Amino acid sequence: MKTYTYTEKKDTRSGFGAGLAELGRTNPNVVALCADLIGSLKMDEFIKENPERFFQIGIAEANMMGIAAGLTIGGKIPFTGTFANFSTGRVYDQIRQSIAYSGKNVKICASHAGLTLGEDGATHQILEDIGLMKMLPGMVVINPCDYNQTKAATIAIAEYDGPVYLRFGRPSVPIFTPADQKFEIGKAIQFTEGTDVTIVATGHLVWEALEASKALNEAGISAEVINIHTIKPLDDKAILDSVAKTGCIVTAEEHNYLGGLGESVARVLAQHHPTPQEFVATNDTFGESGTPVQLMDKYGLNSAAIQKAVKKVLKRK
Amino acid sequence: MPNIKELTDLTTQVRRDILRMVHKVNSGHPGGSLGCAEFFVSLYQNLMETKDGFDMNGTDEDLFFLSNGHISPVYYSVLARSGYFPVEELNTFRIIDSRLQGHPTTHEGLPGIRIASGSLGQGMSVAIGAAQAKKLNNDDHLVYSLHGDGELQEGQNWEAIMYASAKKVDNLISTVDLNQQQIDGSTDDVLPMGSIRAKFEAFGWTVLDIEKGNDIEAVLEGMKEAKSLTGKGKPVCVLLHTVMGNGVDFMMHTHAWHGKAPNDEQLKEGLSQNPETLGDY
Chain A
1 MKTYTYTEKK DTRSGFGAGL AELGRTNPNV VALCADLIGS LKMDEFIKEN
51 PERFFQIGIA EANMMGIAAG LTIGGKIPFT GTFANFSTGR VYDQIRQSIA
101 YSGKNVKICA SHAGLTLGED GATHQILEDI GLMKMLPGMV VINPCDYNQT
151 KAATIAIAEY DGPVYLRFGR PSVPIFTPAD QKFEIGKAIQ FTEGTDVTIV
201 ATGHLVWEAL EASKALNEAG ISAEVINIHT IKPLDDKAIL DSVAKTGCIV
251 TAEEHNYLGG LGESVARVLA QHHPTPQEFV ATNDTFGESG TPVQLMDKYG
301 LNSAAIQKAV KKVLKRK
Chain B
318 MPNIKELTDL TTQVRRDILR MVHKVNSGHP GGSLGCAEFF VSLYQNLMET
368 KDGFDMNGTD EDLFFLSNGH ISPVYYSVLA RSGYFPVEEL NTFRIIDSRL
418 QGHPTTHEGL PGIRIASGSL GQGMSVAIGA AQAKKLNNDD HLVYSLHGDG
468 ELQEGQNWEA IMYASAKKVD NLISTVDLNQ QQIDGSTDDV LPMGSIRAKF
518 EAFGWTVLDI EKGNDIEAVL EGMKEAKSLT GKGKPVCVLL HTVMGNGVDF
568 MMHTHAWHGK APNDEQLKEG LSQNPETLGD Y
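Those protein sequence lines, which keep their order, are chains A and B.
Sequential numbering from 1 applies to the first sequence in this note's numbering.
Sequential numbering from 318 applies to the second sequence in this note's numbering.
Everything labelled a hint here was simulated from the structure, so no lab data went into it.
Hints are supplied without guarantee of correctness; some may be wrong.
[Said to hold, decoys possible] Derived BS3-like pairs (lysine-lysine); straight-line CA-CA distance at most 27 Å: (1) B:Lys452 - A:Lys48; (2) B:Lys551 - B:Lys484; (3) A:Lys182 - A:Lys10; (4) A:Lys48 - B:Lys484; (5) A:Lys214 - A:Lys10; (6) B:Lys341 - B:Lys585; (7) B:Lys529 - B:Lys549; (8) A:Lys48 - B:Lys485; (9) A:Lys134 - A:Lys2.
[Said to hold, decoys possible] Quick list of simulated restraints, FRET-style, between CB atoms: (10) B:Met569 - A:Asp93: 29 to 35 Å; (11) B:Ile412 - A:Gly75: 31 to 37 Å; (12) A:Ala122 - B:Asn455: 42 to 48 Å; (13) A:Asp161 - B:Gly370: 17 to 23 Å; (14) B:Lys544 - A:Ser172: 51 to 57 Å; (15) A:His272 - B:Lys544: 55 to 61 Å; (16) A:Gln56 - B:Glu593: 51 to 57 Å.
In this text the structure is predicted, and so the values were computed from the model without any measurement.
Cβ coordinates follow ideal geometry from the N, Cα and C atoms, glycine included.
Using the sequences provided together with the hints, build the complete structure.
See below:
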């Protein structure tokens with residue numbers, strides 16, 4: 001079995017910052033907007049190098065989404081930056097009407113998604129954003145898994161013409177994907193080959209899935225780990241090809257099981273290849289204060305939880 | 318000098334279009350549409366510098382954004398009669414498979430429309446973004462927007478109003494249709510807003526009133542003055558005093574016709590008060 005290691009940990013939001021800085025150097029149409037969270041979003045480098053292409057909006061996210069929509073009229077490619085909660089729920093109607101329905105080329109870049117925001121607690125830990133955004137017609141939804149993938153995704157979405165929701169996070173997590181990768185929107189990545197179970201993971205749960213597959217392998221269970229970084233459009237084929245081989249699946253995400261990746265996968269399976277599935281996700285709940293590791297443990301979003309789900313789903317085959 | 322007779326004739330025809338459009342589908346918003354007929358005709362026939370044809374980016378031309386999208390009938394009529402799409406297409410207002418949706422949208426590709434509107438309070442932010450894009454592109458054309466007075470109750474406007482002056486968005490003229498009516502009654506009954514002028518001024522805007530918002534010469538003169546005030550470091554707000562339902566006597570001075578279509582008899586009466594000038598679609 002192919003195994004993955006890492007030598008460095010970094011936050012995915014820094015991958016966004018690095019990608020945005022590179023876009024600042026390579027694409028003159030890219031502009032950035034922020035609602036008073038420059039440091040949290042790691043936008044400093046872009047701003048330093050391109051002050052005229054940065055818009056500090058202040059604490060006014062609704063206005064930010066509208067201004068971003070307006071900037072596209074004139075050929076700009078706006079990247080908005082704030083926390084995931086304030087990038088989605090707070091401004092849903094602005095995104096719906098002025099960006100999604102209007103077909104505007106806005107990149108909604110959302111940091112501090114999920115429980116791993118940590119100590120700030122549930123007001124800031126959105127676990128519903130993937131669901132909110134994937135329901136908007138025409139919206140692309142991406143949740144990369146490490147620094148390198150987030151950087152590559154940030155660069156890739158500038159080339160795509162249309163609204164995109166890019167979700168990333170605050171904690172330092174292992175870097176295990178290559179620095180020179182080309183990010184393909186909507187294309188799943190198979191990390192390990194397996195025959196007994198498929199594990200489909202997104203965001204911070206991809207590393208946990210790889211850790212789980214290592215442990216499972218030692219216990220004689222062969223797991224195929226697939227990274228779905230693009231929740232919409234979903235790579236149906238990669239999922240169906242894998243379950244055709246393994247016959248069962250576990251989905252893993254830092255999100256409510258309602259509306260998340262797991263439900264998207266369940267829809268594909270129900271339509272084309274009904275398959276036993278277990279969900280590693282939060283169970284229709286808000287989060288709370290705590291360290292990221294404590295929270296991921298308490299809410300069942302780690303390698304141990306994935307292993308448990310695998311053992312459960314194997315019995316349902 | 319603009320030919321006032323021609324503009325007046327066009328305005329009368331636009332009123333007929335509005336009445337006929339909403340009557341046909343027994344839905345839509347005639348009151349605010351009628352009140353803004355002179356404004357739209359002035360804008361598209363005289364004030365705005367526009368290029369032939371339509372492209373979404375609108376580089377090197379003036380842009381207009383309608384924030385209170387429910388007054389789509391007047392917008393569609395004036396766009397059609399200004400050459401953006403065939404006048405006959407007004408026949409399709411609000412019917413299935415039409416580009417003329419109940420509220421304006423880019424979704425069906427109707428030339429002239431650059432943003433969807435209808436859910437209120439979003440248009441000023443969009444207009445600001447477009448104005449800032451013009452500055453980045455060294456394009457010295459202007460951005461115009463129109464907002465209902467009741468619409469100012471939406472909080473996003475005040476985020477935008479604060480931002481526009483702070484960031485010196487001085488290539489923007491935002492007009493407020495001050496008809497003092499909204500769905501549930503007069504703005505004073507529903508939610509008194511005090512002095513809108515004082516509020517915009519306190520937020521750092523240059524404000525001017527057009528007291529006779531249904532007099533085409535007054536609108537032209539006031540909007541020209543507004544244009545002369547751009548480029549001076551402040552966004553410009555025009556308070557356009559209009560009468561809801563203007564030009565159809567039984568629709569005037571009431572909120573009752575905000576979103577109600579005339580019946581056959583009322584249509585006949587409304588049209589008789591606005592005789593055909595340029596030809597019905």
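Evaluated hints:
no., hint, verdict
1, B:Lys452 - A:Lys48, "holds (20 Å)"
2, B:Lys551 - B:Lys484, "holds (9 Å)"
3, A:Lys182 - A:Lys10, "holds (19 Å)"
4, A:Lys48 - B:Lys484, "holds (19 Å)"
5, A:Lys214 - A:Lys10, "holds (22 Å)"
6, B:Lys341 - B:Lys585, "holds (12 Å)"
7, B:Lys529 - B:Lys549, "holds (26 Å)"
8, A:Lys48 - B:Lys485, "holds (21 Å)"
9, A:Lys134 - A:Lys2, "violated (32 Å)"
10, B:Met569 - A:Asp93: 29 to 35 Å, "holds (33 Å)"
11, B:Ile412 - A:Gly75: 31 to 37 Å, "holds (34 Å)"
12, A:Ala122 - B:Asn455: 42 to 48 Å, "holds (46 Å)"
13, A:Asp161 - B:Gly370: 17 to 23 Å, "holds (21 Å)"
14, B:Lys544 - A:Ser172: 51 to 57 Å, "holds (54 Å)"
15, A:His272 - B:Lys544: 55 to 61 Å, "holds (60 Å)"
16, A:Gln56 - B:Glu593: 51 to 57 Å, "holds (53 Å)"
In summary, the structure is inconsistent with hint 9 from the numbered list given earlier, while agreeing with all the others.
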